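Novice: Protein sequences appear in the order of chains S and W.
Each step along the first sequence adds one to the number in my numbering, with nothing skipped, and position 22 is 22.
Each step along the second sequence adds one to the number in my numbering, with nothing skipped, and position 79 is 79.
Hint data in this document are derived by calculation from the structure and do not stem from the laboratory.
Just so you know, these numbers come straight off a predicted model, no measurement behind them.
Virtual Cβ for every residue (Gly too), placed ideally from N, Cα, C.
Warning: the hint list may mix true and false statements.
[Unchecked claim] Derived coverage of chain S by chain W (criterion: at least 3 residues anywhere in the stretch with Cβ under 8 Å from a Cβ of chain W; other residues may be distant): (1) 5-11; (2) 15-21; (3) 30-41; (4) 50-60; (5) 73-81; (6) 93-105.
[Unchecked claim] Each pair of labels, with its calculated beta carbon distance range: (7) W:61 / S:120: 21 to 29 Å; (8) W:14 / S:121: 14 to 22 Å; (9) W:14 / S:107: 17 to 25 Å; (10) W:61 / S:97: 43 to 51 Å.
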Amino acid sequence: MSADIIGTYAVAFCLLIGSFFTIVGVIGLLKFNTPMSRLHAPTKVGTVGIGMLLAASMLHSFVIGQTSIHELLIMGFLFVTAPISANFIAKVNIHRGDCETPPSPLQDDTWSTLNTPQEDRKNEAAGQ
Amino acid sequence: MTTALWVFDIAMIVTFVTLGLSQILSMVRLVIGPTPGDRILAVDTMVINGLGIVIALGIYQGVQIYFEVSLLITMLGFVSTVALARFVLRGDIIE
Numbered sequence: 001m002s003a004d005i006i007g008t009y010a011v012a013f014c015l016l017i018g019s020f021f022t023i024v025g026v027i028g029l030l031k032f033n034t035p036m037s038r039l040h041a042p043t044k045v046g047t048v049g050i051g052m053l054l055a056a057s058m059l060h061s062f063v064i065g066q067t068s069i070h071e072l073l074i075m076g077f078l079f080v081t082a083p084i085s086a087n088f089i090a091k092v093n094i095h096r097g098d099c100e101t102p103p104s105p106l107q108d109d110t111w112s113t114l115n116t117p118q119e120d121r122k123n124e125a126a127g128q
Numbered sequence: 001m002t003t004a005l006w007v008f009d010i011a012m013i014v015t016f017v018t019l020g021l022s023q024i025l026s027m028v029r030l031v032i033g034p035t036p037g038d039r040i041l042a043v044d045t046m047v048i049n050g051l052g053i054v055i056a057l058g059i060y061q062g063v064q065i066y067f068e069v070s071l072l073i074t075m076l077g078f079v080s081t082v083a084l085a086r087f088v089l090r091g092d093i094i095e
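With the hints as constraints, model all of the structure from the sequences given.
Specialist: In structure tokens, the structure reads:
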């Protein structure tokens, strides 16, 4: 077995793992019941699925002799931005009351995401 | 080498079919999604699946030209998701 054959098998393996995680995440997006549980499934698409496809792309570039590791940039960008967008979607769900409200915190009055900043409170009072 | 190429072709076909099916299933969630959060999430998933299709096309054709395309799709997908979520949250994108 030469390196080319092993590399081709590795590319096929990475492609299959990536497509498996993609379809699992999207089925979860379609089948779960509540908005918050629907939020957790497609994060696997963004990290593992696309990560494995990018790994397959890198391995394939090694196999065909045009070495490139640019794909690490896309992988890093996805891994950094996926939690941020998930946090924003969770805040949309919380603020619109689409999910169960979390139990009240132990020490403070309310959770910080539900709290109104001090400046906005003054503006509301002045407006009224 | 022929067996390896056959396995690679099968994996390529499976990947394209799976990514297309994922795109259709997320479109179903985009249409029926009861809450705005679900619709934003479905759009985000569709952007990521489209990114996967572009990457798989780059592997299939064996060229590096699709790298810039996928990087641009990634950035635009993140910015559009955050902009939609902020618009739903605050009624404005840049305050």
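Novice: Hint compliance check: list the failing hint numbers for this structure, sorted ascending.
Specialist: 7, 8, 9
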